[in-house]
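Undergrad: This is what each chain is made of:
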Amino acid sequence: MQDTNRLRPFFENIAFDRDDNEVILNFGPQHPSAHGQLRLMLHLQQEQIVKAHPDVGYLHRGMEKMAENMIYNEFLPTTDRMDYIASSSNNYGFALAVEKLLDLEVPRRAKVIRMMLLETNRLMSHLFWLATTALDIGAMTVFLYAFREREYLMDLIEDYCGARLTHAAIRIGGVPLDLQDTFIADLKKFLEKLPANIKDYEDLLDTNRIWLMRMENVGVISTDMALSWGCTGPMLRASGVEWDIRKEEPYELYDEVDFDIPVSDKGDNYARYKVYMEEMRQSARILDQLIPMYYETTPELMAHAPKYISGSKLDIMTQNYSLMQHFVLVTQGMRPPVGEVYVATESPKGELGFYINSQGGPYPYKLKLRAPSFWHTGILTDLLPGHYIPDVVSIIGTTNIVFGEVDR
Amino acid sequence: MIDTLFSAFVFPGLLYVLVWTVGLFWFFRKFMAALHKRVGPSFNGKAGSYQTLFDLSKLLTKESITPDGVNPYLFSIMPLLAVIIAMLPAAFIPWMDGLVVVDSDYGLLALVILIGIEPFLLFLTGFGSNNKYSFLGGVRILTQSISMETAFFLSALSPALLFGTMNLTQIVEQSSWFSFLILFPGLAMYFVALLGLLEQPPFNIPDAEQEIVYGFYTEYSGTNYFLLKLAEFAEFMAVFAGATALFLGAYKGIFFDSYFFFFMKMLGIAMLMMTIRAATPRITLAQMLSFSWKYMVPLALLNLAWVLFAKSLWFMGA
Chain A
1 MQDTNRLRPF FENIAFDRDD NEVILNFGPQ HPSAHGQLRL MLHLQQEQIV
51 KAHPDVGYLH RGMEKMAENM IYNEFLPTTD RMDYIASSSN NYGFALAVEK
101 LLDLEVPRRA KVIRMMLLET NRLMSHLFWL ATTALDIGAM TVFLYAFRER
151 EYLMDLIEDY CGARLTHAAI RIGGVPLDLQ DTFIADLKKF LEKLPANIKD
201 YEDLLDTNRI WLMRMENVGV ISTDMALSWG CTGPMLRASG VEWDIRKEEP
251 YELYDEVDFD IPVSDKGDNY ARYKVYMEEM RQSARILDQL IPMYYETTPE
301 LMAHAPKYIS GSKLDIMTQN YSLMQHFVLV TQGMRPPVGE VYVATESPKG
351 ELGFYINSQG GPYPYKLKLR APSFWHTGIL TDLLPGHYIP DVVSIIGTTN
401 IVFGEVDR
Chain B
1 MIDTLFSAFV FPGLLYVLVW TVGLFWFFRK FMAALHKRVG PSFNGKAGSY
51 QTLFDLSKLL TKESITPDGV NPYLFSIMPL LAVIIAMLPA AFIPWMDGLV
101 VVDSDYGLLA LVILIGIEPF LLFLTGFGSN NKYSFLGGVR ILTQSISMET
151 AFFLSALSPA LLFGTMNLTQ IVEQSSWFSF LILFPGLAMY FVALLGLLEQ
201 PPFNIPDAEQ EIVYGFYTEY SGTNYFLLKL AEFAEFMAVF AGATALFLGA
251 YKGIFFDSYF FFFMKMLGIA MLMMTIRAAT PRITLAQMLS FSWKYMVPLA
301 LLNLAWVLFA KSLWFMGA
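Protein chains in written order, with the working numbering: chain A, 1 to 408; chain B, 1 to 318.
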């Protein structure tokens, strides 16, 4: 007879009733500050954490397996559902990986528009991060202020692609649409206001001693720890490593724009907060430089590669070959050459990597996603013990984990 | 007989507390909305004024769920007790010239004790909920009330020391602009301790939503939740009215004395509390403890010394 208990997951074997003064608190998956579906098993001595187990998988949809049964263009909107706070960066990571596989050259205007979308998404993600972290620590006002700015950006992107959260605005080989007439003017209006807004948040938070008390020297990640847990993005930069894929392996036009990488060597919550705030300023700076670059480009939006990319709508409607090619690409999908590729991009949360193994068929043979939040969830095991319950909340806040991305 | 019933059920009893709760709740929502640069309730009634009424009546008609494994009597009687205890201090407050239900020589003592019992009842609600979050909330409220009440009581006693009486009516009668200035440090300390006692930011540690899921409120729903909220707002009234009567001269006004001034003074304290609520994050339990015992209590003792000094300087010779 098989021992049924052996098949039960680890978490169901925990004895909750203990007599050694240790409380086991089931923190999540339904908890106001679990940032989605995080479940933490906290072993508590009074309010101090002795042991922490992050448990993930409550939002698992099997995206990597789904990709094996979808043509490449079909999978693209699915990537929206990973990091749903900044969905264009996921679209972009996937599109860039496929483009590298196909060896496509994207037109310059498409590159500029893509970068605009990426940086707007970074701003949206960082504003969302600021809002939720402030709320976790109890600063309701900053939450509402930051959401107001994020709302503006969401409206802006809605004007561009029609969607607010799941954009799917970047296609393999370029972008589907040119910017509409009002986009640049609206963006300029936003960029003029943004420095004052960021200063508003900093006035509300940085000069507040309570905020400093809650953030400074809480959740300190040393450089070694950050490297060994595979931290990337702001988490790594706040721990003293100057690493940004936009600088290290520039993609798109990131080597043509000026921007700085904020770094801090403290590694605590406050350092992370500072890095995020500075990154918002740098994003705004990049967007400022992109506006003149946009006007210098010719209106060409999709790469010219009839084997992989459908022609323009006009071509499809007027030319026989384009129509046939479009029909084949839509019904059967493109067939990239045999090969494998790993492409990493700097998403707002860190290194977002796509590994694609193509066997020459219309579906990827294997697709692997490397989501930064997954590793940032793992570090909680080492980071939380020794802290108290209020600090758990602020640490989860500053790690900026999004569960669409952790669970895929 | 009629008078007793009137004061028990109309003013300053049940009806008064209900109207205050509904009105203050609505005012909080609108005031916070203005600070947050949003609209706030605006759909029901003029400027959303029916919203709170609807909320409260909805809560009253909803099922109140008793969780498994708790003592149902303890679980359900605590909210009721909390409301009653929170409404009692109103009887000792001199609302208007000559209008005080119980004119006792120990009015201040009664006020302080009735306000001080409340957190222990809330602790029992958390303790009796059979939920780890509620239990943590209960422990936190006990820790917080013990540390904050010391400073609260010490600063509440300073007017009694200055005027040499615990009768609230006499305290109000003797108060003047000059005594207000002397008692100002006491008022400031009373206010800070009040934030801790009422679990308002930055001291909203016991019912921190993001940390322990509203603490002792977690398992409460329907009528019981309504009663707890009512107790919270009745407690607001008791503490605000206490501050007004002790430090701000109660009903005394600029040109004429009236309940209007009493009300405006209470509203002023409420607005200050709301502004602090909008501007500050939450501190942790350990930081609250060190703040309370390292700064508040010694300062409250120093304040008592200052009041005694001022009394010997300006009030003894007269």
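It is worth saying that the hints were derived from the structure and are not from the lab. Be aware that one or more of the hints could be misleading.
[Claimed, not checked] DSSO-like, lysine-lysine: derived pairs with alpha carbons at most 27 angstroms apart: (1) A:Lys188 <-> A:Lys199; (2) B:Lys62 <-> A:Lys199; (3) B:Lys311 <-> B:Lys62; (4) B:Lys229 <-> B:Lys46; (5) A:Lys274 <-> A:Lys100; (6) B:Lys30 <-> A:Lys199; (7) B:Lys229 <-> A:Lys189; (8) A:Lys51 <-> B:Lys46; (9) A:Lys366 <-> A:Lys100; (10) B:Lys30 <-> B:Lys62; (11) B:Lys30 <-> B:Lys229; (12) A:Lys65 <-> A:Lys100; (13) B:Lys132 <-> B:Lys37; (14) A:Lys274 <-> B:Lys37; (15) B:Lys37 <-> B:Lys229; (16) A:Lys368 <-> A:Lys65; (17) B:Lys37 <-> A:Lys188; (18) A:Lys100 <-> A:Lys307; (19) A:Lys193 <-> B:Lys46; (20) B:Lys46 <-> B:Lys30; (21) A:Lys274 <-> A:Lys188.
Undergrad: Compare the structure with each hint and give your call.
TA: Status of the hints after comparison with the structure:
no.: 1; hint: A:Lys188 <-> A:Lys199; result: 18 angstroms, holds
no.: 2; hint: B:Lys62 <-> A:Lys199; result: 45 angstroms, violated
no.: 3; hint: B:Lys311 <-> B:Lys62; result: 55 angstroms, violated
no.: 4; hint: B:Lys229 <-> B:Lys46; result: 24 angstroms, holds
no.: 5; hint: A:Lys274 <-> A:Lys100; result: 34 angstroms, violated
no.: 6; hint: B:Lys30 <-> A:Lys199; result: 26 angstroms, holds
no.: 7; hint: B:Lys229 <-> A:Lys189; result: 44 angstroms, violated
no.: 8; hint: A:Lys51 <-> B:Lys46; result: 53 angstroms, violated
no.: 9; hint: A:Lys366 <-> A:Lys100; result: 16 angstroms, holds
no.: 10; hint: B:Lys30 <-> B:Lys62; result: 25 angstroms, holds
no.: 11; hint: B:Lys30 <-> B:Lys229; result: 18 angstroms, holds
no.: 12; hint: A:Lys65 <-> A:Lys100; result: 21 angstroms, holds
no.: 13; hint: B:Lys132 <-> B:Lys37; result: 36 angstroms, violated
no.: 14; hint: A:Lys274 <-> B:Lys37; result: 25 angstroms, holds
no.: 15; hint: B:Lys37 <-> B:Lys229; result: 26 angstroms, holds
no.: 16; hint: A:Lys368 <-> A:Lys65; result: 9 angstroms, holds
no.: 17; hint: B:Lys37 <-> A:Lys188; result: 23 angstroms, holds
no.: 18; hint: A:Lys100 <-> A:Lys307; result: 15 angstroms, holds
no.: 19; hint: A:Lys193 <-> B:Lys46; result: 34 angstroms, violated
no.: 20; hint: B:Lys46 <-> B:Lys30; result: 12 angstroms, holds
no.: 21; hint: A:Lys274 <-> A:Lys188; result: 25 angstroms, holds
Checked against the numbered hints above, the structure violates hints 2, 3, 5, 7, 8, 13, 19; every other hint is satisfied.
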